[in-house]
Every structure is written in C-alpha cells, then in structure tokens.
Amino acid sequence: MSGPGGSLDTGTGYGRPRPSSMHELTDVGAGTPMGELLRRYWHPVGLGGDAAATPRALRVLGEDLVLFRDGGGRPGLVTARCAHRGTTLYYGRVEERGIRCCYHGWLFDVTGHCLEQPCEPDGGRQRERIRQPWYPVAERYGLIFAYLGPPERKPALPRYDALERLDPGESLEADASSIGGGGPAVIPCNWLQHYENLMDTLHVPILHGSFSGPQFTAQMGLMPEVTWAITAHGVKATSDRRLPDGTVHHRVSEAVLPTLRVIPNPRVAQYARVESIGWVLPLDDTSFRIYTAGRVRRPGELASVRSRLSGKLWEELTEPEHQRFPGDYEAQVGQGPVALHSEEHLVSSDRGVALVRRVLRQQLDALAAGRDPIGVCFDADAPPITFEAGNFLHAS
Amino acid sequence: MSGPGGSLDTGTGYGRPRPSSMHELTDVGAGTPMGELLRRYWHPVGLGGDAAATPRALRVLGEDLVLFRDGGGRPGLVTARCAHRGTTLYYGRVEERGIRCCYHGWLFDVTGHCLEQPCEPDGGRQRERIRQPWYPVAERYGLIFAYLGPPERKPALPRYDALERLDPGESLEADASSIGGGGPAVIPCNWLQHYENLMDTLHVPILHGSFSGPQFTAQMGLMPEVTWAITAHGVKATSDRRLPDGTVHHRVSEAVLPTLRVIPNPRVAQYARVESIGWVLPLDDTSFRIYTAGRVRRPGELASVRSRLSGKLWEELTEPEHQRFPGDYEAQVGQGPVALHSEEHLVSSDRGVALVRRVLRQQLDALAAGRDPIGVCFDADAPPITFEAGNFLHAS
Amino acid sequence: MSGPGGSLDTGTGYGRPRPSSMHELTDVGAGTPMGELLRRYWHPVGLGGDAAATPRALRVLGEDLVLFRDGGGRPGLVTARCAHRGTTLYYGRVEERGIRCCYHGWLFDVTGHCLEQPCEPDGGRQRERIRQPWYPVAERYGLIFAYLGPPERKPALPRYDALERLDPGESLEADASSIGGGGPAVIPCNWLQHYENLMDTLHVPILHGSFSGPQFTAQMGLMPEVTWAITAHGVKATSDRRLPDGTVHHRVSEAVLPTLRVIPNPRVAQYARVESIGWVLPLDDTSFRIYTAGRVRRPGELASVRSRLSGKLWEELTEPEHQRFPGDYEAQVGQGPVALHSEEHLVSSDRGVALVRRVLRQQLDALAAGRDPIGVCFDADAPPITFEAGNFLHAS
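Chains as they are written, first to last, in our numbering: chain A, 1 to 396; chain B, 397 to 792; chain C, 793 to 1188.
The hints are simulated quantities; they were obtained by calculation from the structure and are not laboratory data. Beta carbons: idealized from backbone N, C-alpha and C, even for Gly. A portion of the hints provided could be inaccurate.
[Claimed, not checked] With beta-carbon atoms standing in for the labels, derived distance ranges:
(1) Ala-156/A to Arg-414/B: 29 to 39 Å
(2) Thr-10/A to Leu-964/C: 31 to 41 Å
(3) Thr-1178/C to Ser-310/A: 45 to 55 Å
(4) Thr-1178/C to Pro-337/A: 45 to 55 Å
(5) Leu-800/C to Glu-560/B: 20 to 30 Å
(6) Arg-917/C to Thr-54/A: 51 to 61 Å
(7) Glu-888/C to Thr-227/A: 32 to 42 Å
(8) Asp-460/B to Arg-371/A: 54 to 64 Å
(9) Leu-562/B to Pro-811/C: 38 to 48 Å
(10) Arg-754/B to Ala-366/A: 43 to 53 Å
(11) Ser-792/B to Thr-54/A: 55 to 65 Å
(12) Glu-24/A to Thr-1178/C: 36 to 46 Å
(13) Pro-337/A to Arg-917/C: 49 to 59 Å
(14) Ala-948/C to Gly-11/A: 17 to 27 Å
Make the full structure from the sequences, and use the hints.
Structure representation (structure tokens):
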C-alpha cells in the first residue's frame, strides 16, 4: 500500500457495495412471486361496516379497489376504474342492485355483471358482455375478507378456534387501528418488516424494555429462553422466562401464513390461550395496515391494549419523544421503506426471522412447482384451526 | 381443471393484463406526435392582463415559459431559463425594452434579442449572437395567444364569428377560471379526458342530471337523440330533445381542433348561436386549464355560469360532498392522471368520443405525410370562422 | 422553404435540443467522478455541539449518517442503518462507550466496533466480526470534520492561517446557517451552482446592486476590473474598484478546493485579510448547506452579516418580495435543481466560472491517473495555509 503513512482506518463506510432487498419476499404486486403467494389466501380488507352505502376506496396488494354494500346487504369489491371509461367508482352511487358509475350510469352488481347502460338503446343490448373486474368477499369475525387470487385455487375461508370458541362472558370484536404496529393505522414500510418481527422474540426486552420503559408486563422485561420451530401453519416461538418464585412463564407466539399475527397479549398478566388474531395487510410494497379480531369481555377492549410510551399514545408524542421512546413503528419504519437485506448480519437470536423467510421461500417453491402453499384448505366444513399460542404458567 | 371443486368465479380481477394509454393522443411534449400536432396551432396562454410588468411563470405543453409586457406595451413570451447561465427570468425585471435577468443583467427584447450584457466590455460586443428562445404571441379577444410550433408553418391567428359579430348590448369578456372544467383553474389530469368529453353528449343527463341534481336547465335533463359528424374543423354533436309542448330542443356542440370547446351555454334557456369559445390548454401531460372568451351582456357574466353542486361552488364542497355530488372534474380526474385506454369498453353512445380520436389520428397522419392539419390557415385576411353550434327551438 | 409566406420568425424556442448537465462535475454520490474527488478531502458535517448525547441524522454527499458523542466525549459518525437489521441509529441511545440500537441493543463505539449484542448468548461471542460502517471525524474551529474517502488516501486535516492567527480581541466562531447562501440553511440546488458563483465576481453589482438595492458596501456596487488566476489551492479573483478619491479598492476572493469559500466580508468597509472561511457541503445532488468559521470581535458577529433584502431576512419575505428582491438563493436555485449546462452561453466575464470548472476537471484527471488532487497534504505538521484573500486599499 503506497499510502501516506500513519495507521490505516479499517471498517469505514467507504467503498461498501450497493445495497439490495429480497424483493421476491417483499413485493406484493400481481405477477410477483410473493404477490402471487399472498393471492392464494383470503385477506381482511375492511371492517364489516366499511362495506356500506358510501363507496370506500381501498388499496390492497398494490391494487386500487372500491368496497361497497348493495341495498340487498351484499358486500361488493370491484376494481376502482369503471369498465366503461375508467372513472373511479369511488364517485359511484350504491343502489339496491349494485353500484352505478357517475359518468354514464353503468350499473354493476357485486360480482361485476353490468345490469344497466342507461345511455345505450334499450339500456344496452350487449351489456351482458361487460364485466366489471371484481373479487369474492366474505364476512366473518366482524371483518370483510377478500380473495384476489386465481379462481380455480380459491380456498375455503378458514375458521379459527381462538375466534370460534368463546368463554362465558366473552364476545368478538374487530379493529382496524393496526394494533401491534406501534403507530398510526397505515404504516409506511414493507409488510415483511412487521411480519417477520413476530418471530423476533428477543427484541422485546430491549426495545420494549430497557429502551422505552416497561411497555409490557414485568415478566416480558426478563430475557427469555427462546426456541423456534416450523409448524403446519408457519413458525412458532416458545419463550420461557423463569420467575422469581421458581415458576416458569411459558409463552408461545405464532406467525401463521400468509400474514397472521397469533400473539398472546403481552400487556395483561393472564395465563390463557391466545385471545386475538391480527392480519397484516400489505397495501402496496411500502405500506401496510393490521386488522384484528379477538375475544373480549367488554367493548373497546381490543383497542385498549394500544401501546403507550411515556404515558402517551403514538400520535400524541413529539418527534423528540419518538426519538427517545422508540417502539415497533420506529424500529421497523426505521429499516426504510423496504429493508436492505444485503446489509444485514443475522445472528443466532435471529433464527425466528430466518425461519419465517425460509417458510415463505418454501411456499414460493411450492407455487413454482404447481402445488398449493401451506394453510390452504378447500374444505368449507373443515374444523377450526387451533393454535398453540398463549401465555401459560408452568410449575418449573 | 384440477381445481378444488365448487362453482368457479368468473370475471374476477385476477390476471388482467397490464393497462396502457394511447400516449400518441395524450402526450403534449415537444417531439411527441400529439405535441407536434398541437404546436401547429395558436393557443391562449393567459389573459391580456397576465402579460405585465411582473414576470409570470407559465407552463405550456410541458415547457416552462415566462410571460411579460415590456414598457412599450409589447407582450413577450420567452423560455424560462436565461440563455446566459440558466437562471429563471421569473426573477427578472421588466424594463422599457424587455426583460433583464437578475443574475448578470442580460436584457432581452420580446423576440429574444440580447440588448445588453452589462458585465461585459462595451455592454457585450458579441451580444447579437445571443438569442433568448422566445415564441410569437398575439392578443385577441382579451387573451394572449402563443405559437410554439415550427416558424415556417405558423398559421394566421384565426378569427371566430361568435366573437367578432356582437349583438346590440353585447361586449366581449375573457376568463381564466377553467369554465366547464367543473373544478379549480388547474385540473390534474390529461387534457384529452376533458376534450373528448365535449362530444360525450350522453353523459349529461346522468352526471349532470340524475347524479348531481339538475345542474343545467330542465331540458338538458332529458335524454336526447344524438348524432355525430366530422366537420371541416373537428367533430359536432347534434342533440334533439322533444319537449312536452311538442317542440324540439335542437342543440349543436362542437369540438374544434386543436382544443376548442364550442359549447352552447347549458344553463340558460335561451335559443341562440353559441356565445363563447373555450380553449383547453395542456400545461403538461397530466394537467390542463381552460381559457374562455365570450359575448356577454354584463361584466362577470361568463364566470357566473360556473357550476354549483348542492348550491355550492366546487372549492366550497367537502370531500364527502364531492363524493356525493360529482361533476366533470370528478368524472375526468377520476379516470386517472392519464386514462388507461386499454381497459375501456366503448359502446354506441361513445361514437362522439371515438370520432374525436379518429379526427386527431387523421391529423397525426397528415403531419406524418408532410401536410398541414385541418383548421390551419395562413391567410391573415380570411373571414371569421362560423360554427353551427347553438341551442335552437324547432317546430317539431 | 415552402412556408406559407410572410416573414419567418427566427430564434424561437421550437426544436431546441434536449438539455443536459455536466454530471461529472455536479454529482456527489459514492462512485461518481466528483463524488470520489470530494471524498479525498475533509468536510465539515456539523457544529461541535451537533455531536451530542442525542443522535443527529445527517445527509452528506448522498449518504445517510448519524452523528453522536459518546460519554467519553468522543464524536462518532456512523452510517445510519444498524449493521444488524438495518434500523436507523437515529433512534439509538448514546451511552458511555458508544451508540446502542433501539431494536436489539447492539452497542457500537465511535469506530464501529460492536461491543455488545445483548440478545446473544454471552453478549455475542462473535461480535468482534461485526463492524458498523463509520467515518473518521476531527474537531477544529468549532466544527466537526469528516473524511468519507478511501482510508489509504486520508489527508491531514488542514489548518488555515485565517483561523489560526488571531488579532488582539478576536475569537473564533462557527456557524451553520449557510452564510452567503442568501436563503435558508438547506438550499435546494446542486452545490456547484453556489461554488462556481464564488468566482462569478461580476454578478455582484447587478444582483446585489441594481437589482436588490445595495446589499453590500457602496464600493461593492461599483463595476470592478477583474482578473482571475489558478492558484495552488483553486482559483482566485482580483477585483479593483477605483474610488472617487483616486484610491483603489483591491479585493481578492478565492474558491479553494474542494468547496471552500474564501470571501472577504462584502458588507463591512474594513481593509483586512479574509476573516472567515465557508465550506459548501453537498448534502446530495440537489441540495447543500454552508458551514462557516471565522474570527470575530463579539459573539454572533458571523451570523449578523446575513443579507437583508428590503430590510428583511430571507425567511421574512413574501413570494412577491422574493421575486422583486432576488439574491444569491433566487439566482442559483433559479438555475434549477441541477443547472442545464448545455444551454449556457459563457462570455468573457464568466472566465472565473470557467476556471473553476477547469480546475475541477484537472483534479478528476489527476484521480483517474492515480494522483492526489491539489490541496491534499498528508503532513499533520504542515504549516497553516495562507490565503491572499482580503479587502485592501491601494494608493492608486
């Protein structure tokens, strides 16, 4: 080295390679590998009440859609642009039989059939040739689920034991505020940054413990022993924390395909099977939101578990306070719009994250080989899916 | 099909092809087919008063320009960046003989000649080699017209009978508020979405009738019989509405090349030849505005015809009210920044739209063949152009 | 020419070629020619106080960085994204030994060594393999300087006589408000537009004289005789103004590589060697800011020389006032995000600008040939650099 002498700096930022992302795992658009995988499952796209007499504009997996409920009570989900001249049906009028475009009055039913073309002779003699692109929807657990995939691979809408079997005094509640996201309802980063965080069990005592004060119960602040495993539906993390009295706080969390958060409430010191399920909905490649359904004992209980940092809700914090009390929102949005995976250094405590990616890649391979991904079931009468997730107290 | 059984959904949004636009008809930049066609005509770029002692920044057909009026009363239109070092002349100072750049003081006259270079010896011995790019302008009907095309094909600035022959008590008025656009002065979508709407006669009873209440006269709410035809200057639509007393409301509207709205007032129950002309000015590929000149009986009459929806002007409506009372702005901006023509399904009532596109394509072909497009005339003494447009009452 | 007759317009804007920029001189990213040249020098990236217990997000030459000061008082500059999972260290916590990421608690010292991995067994047995990319920093003259280039070519941090040799009663002061930029602290255009302006001596009587009133001393409003020359460190401009009493106001300004403003105060009628040095820091290709250090007689004196236009500071002016009283900000931002050099017409009074570009190109050639650029010195004990810059009164 013909340098000018002196000790040479090592490890500086100079000359580092251009970073890249694992787009095959992150991107959600139609025709992309992950976009096609996600399209093999049902996803919640709104609360039941979001399908109403006023059209609602949605963005789902990079597609612009309009949700409504016709006069007969049927929810409808159609692509945003009218099949006639492309005006958005957001400005349409919901009627007894469907939604009518404001521009020339074409009327479509919830499965896209064109019922009227009022500017055409006889209301449109060839209107039956026209179809507004639509997607099947179904209502369950207070949510509107949609299927955006190939019709011939449409699975049955799954049932979950956690939401089907209620204890005395419990009722179901649905929420659209992105519980668990740590911030506003729409979170401006790629969905995978949140989803793989579900199996990133060991960040809890750091981010939610020593950094931003005890956001969760005191037990959660202890460093756990964690093991991870692939399950029939995704990945599970088992965390054991030895308590001062010699008992063991045994906690199981699951990341279920395609995007389910099966996470026991970290803020309540109860020992029970998981009480809620969250669905991470990618709006597009760089934003997502979370829909949640759960068993509650009083209305509003689901939303009441939203994080408070320094005693305040996220939207009440100033920027200096966000910097001082970061949560999941800051940690994950702080990875950038789409994480730069080429710059990561995964270690042994990241095995859960690595397993999530491995299971996702296995499903991409399954699709490429013409098989169905895990968790897809075509039997509408299949029994509800049971999860292992929960907080439990073990004797030793 | 090896599907899982059950009835198969048809017509869903899955797997639809990537949409596309007819960019040869929509894009307006220099060197594009439509950009070159539009550059063969004069376009209004401001009100007479917009050319003044304070430089005004304009965007026209995708070009950044500066409009001013020198101390001698001559309007000048130059490209925005100073020929010397590129500083925008928006910060220039208008003087007796032209506009002076703020940076080094170069002075340009209205045809771009460099008159002074005060930082150079002797005020610039070679300044006559410098030319600030400029465009010819002309004032008529209260508007500043500009020609951005090839000098050797510069047509005469047309005269129009509708604006030359005034009835007793009438005077001319000009307006820059985008009358007919249904929204603010600058409308954020491609100009063609508005221009072809001129021949989309049958949307009137829907969008402006059943949807947003009777915005126009009661007659306009009736479904008309419409015929369309190509004229010497563009396309015309003839709408006949049979009135309860047996007479016929006979209405002719015209879309004149390049971008003229020759539309009889739909809000006044008068029977007369068309009283105003609008020019749709593409600012760039995704925004436009409309300049209008017309015969009025009192000042402010032109602007007084602006649409009210639910009793309010567009800018007074809330977003829920815009959704409930859509107008031309919502219908056309709702087609997207540039409409996705590949997803359209034109029907018989869209013949007017199809004719507009056909006439435009014919002119593109004429240009490609080295011919001048229709409506271009090089004779400054040619008689005013007369339109058929108007509202008339026929006996049967 | 088969035109329609009439006189043909010449010099119009029609058909002008697509403009281009000299990106080899303007772009600052790693791996670009100018980006690599700039990376051969130290640049100030903050005031001494900006390195503190709260992490500070910086953008320098297109790179996202985080600046902090550890509990031991050492300033640290690291790339923004944590080497572990990419969360920005802006949300990190500064501790005695370094900065700790909020997500999983990895702790890095000021040279990027990973000291702790609290989620790993034994705090991370292989943590020494990890290095957070960092850059060397040094404090001098109240500023934090950083070196982002190849370690083996790291020069000594230069000393300057103007800041080392203080007259009685003088002290040093540093400023981050972009003195000389004529606007806000962050200026939204390419850095070169400002830097080459330093040698654009003749704009002063125009922009800062006849346009926006006498911003500087009365002498500066006189048109000077200017000569330019390449120096050992960059380019200098010598301006002589003959005063009414027959004496000569002799002024020397220098543009020193890489980005130094060595400009005598134009607002004070004192005759003395230059009292301050400014550094133009490119944040990225389309924005920059200026750090300044100088000798003062009272605190706050540096900032007190900020321009006032029509009696107001830049941020106090309305848009019409900015248009009427343009300054350096308007002239340079008015050249666009990156100037379009292909449209320029340089003349004899632009020789200073041309020399700046020539010297920069010479350094690009030097780098390409494997040599060091001018002004780079590897001897930490080299004497301070002395500049010729100053305002002086000559007898004739």
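The hints, checked one at a time:
Our hint of 29 to 39 Å for Ala-156/A and Arg-414/B holds, since their Cβ atoms are close to 31 Å apart. Checked against the given bound of 31 to 41 Å, the beta carbons of Thr-10/A and Leu-964/C, roughly 33 Å apart, stay inside it. Hint check: Thr-1178/C to Ser-310/A, Cβ distance near 54 Å, so the stated range 45 to 55 Å holds. Remark: the range hint 45 to 55 Å for Thr-1178/C to Pro-337/A is upheld by a beta-carbon distance near 49 Å.
At about 28 Å, the CB distance of Leu-800/C to Glu-560/B agrees with the hint of 20 to 30 Å. At roughly 59 Å, the beta-carbon separation of Arg-917/C and Thr-54/A lies within the given 51 to 61 Å, and the hint holds. The given range of 32 to 42 Å is respected by Glu-888/C and Thr-227/A, whose C-beta atoms sit roughly 34 Å from each other. Between Asp-460/B and Arg-371/A the C-beta distance comes to about 56 Å, which sits within the given range of 54 to 64 Å.
The given range of 38 to 48 Å is respected by Leu-562/B and Pro-811/C, whose C-beta atoms sit roughly 46 Å from each other. Evaluation of the 43 to 53 Å hint for Arg-754/B and Ala-366/A yields a pass: the beta carbon distance comes to about 50 Å. Checking the proposed 55 to 65 Å range against Ser-792/B and Thr-54/A shows it is violated: the Cβ atoms sit about 45 Å from each other. One distance hint, 36 to 46 Å for the beta-carbon pair Glu-24/A and Thr-1178/C, is violated here, with the actual separation near 59 Å.
Taken as a hint, the range 49 to 59 Å is violated for the pair Pro-337/A and Arg-917/C, whose Cβ atoms sit roughly 34 Å apart. Between Ala-948/C and Gly-11/A, the C-beta spacing of about 21 Å keeps the proposed range 17 to 27 Å intact.
Hints 11, 12, 13, counting from the list given before, are not met by this structure.
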